[in-house]
Amino acid sequence: MISSSALSITWLQPDLEAERWEFYSHPAKQEWYRSHAVSWEQIVSSFEDGALVAWPRVATIGTIPVALSYHSYEEYQTYLARAKRGYRKNYSRMEDALQSNGSLDLKAPIILCSGGEGLLFSGYRRLCLGWNYGMVPYVWLVDLR
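Taking the working numbering, the leading residue of the sequence shown gets 35, the next gets one more, and so forth.
A portion of the hints provided could be inaccurate.
[As the list claims (entries may be wrong)] Mimicking DSSO-like on lysine-lysine, the simulated pairs with C-alpha atoms at most 27 Å apart in a straight line are:
1. LYS123 with LYS141
2. LYS63 with LYS123
3. LYS141 with LYS63
[What the hints assert, rightly or not] Computed beta-carbon distance windows for the label pairs:
4. ALA40 with GLU82: 32 to 40 Å
5. ASP130 with SER69: 36 to 44 Å
6. SER42 with SER73: 32 to 40 Å
7. ALA131 with ARG54: 33 to 41 Å
8. SER59 with ILE98: 18 to 26 Å
Note that these hints are calculated values from the structure, not bench results.
Note that the Cβ used here is the ideal one computed from N, Cα and C, for glycine as well.
Make the full structure from the sequences, and use the hints.
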């Protein structure tokens, strides 16, 4: 027997300015920016040309490996399920809203691509929400020029 769910998420184009912290302050991402010579201005100028793309729970998007994707359930256990309460709180709010409303409108996570490599720029908790409910989430895929 196959179970199906009436729960759904509508993925929307994200607001880059709301994710600015990820570029300037997220310590785990700085090396990727440096190794790909990525500037904030470059992200801003390429952002509107991004596209919503389905991303199943894998470490690549198409053939492009995505750094910091934390796609496996074991990684989810490490980085979200067992994270400090403050980090989990936003995920729990989204999960409660999804369960009580049956649907959510969420800003899509962002993946940056440069030199044949990707980076999960933002939206890990939103991504996990879709993955954990058996959905194939959509991400805003930005090819940096």
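Quick rundown of the hints versus the structure:
1. Only pairs whose Cα atoms come within 27 Å are accepted, and LYS123 paired with LYS141 is accepted, the gap being roughly 17 Å.
2. Using a Cα cut-off of 27 Å, the hinted pair LYS63 and LYS123 holds, with the two alpha carbons roughly 22 Å apart.
3. The hinted pair formed by LYS141 and LYS63 meets the criterion: a straight-line CA distance of about 20 Å does not exceed 27 Å.
4. The supplied range of 32 to 40 Å is met by ALA40 and GLU82, whose beta-carbon atoms lie about 34 Å from each other.
5. A hinted range of 36 to 44 Å for the beta carbons of ASP130 and SER69 is consistent with their spacing of about 39 Å.
6. Range check, SER42 to SER73: about 37 Å between beta-carbon atoms, so the 32 to 40 Å window is met.
7. The beta-carbon spacing between ALA131 and ARG54, approximately 25 Å, falls outside the hinted interval of 33 to 41 Å.
8. About 25 Å separates the C-beta atoms of SER59 and ILE98, a value consistent with the hinted range of 18 to 26 Å.
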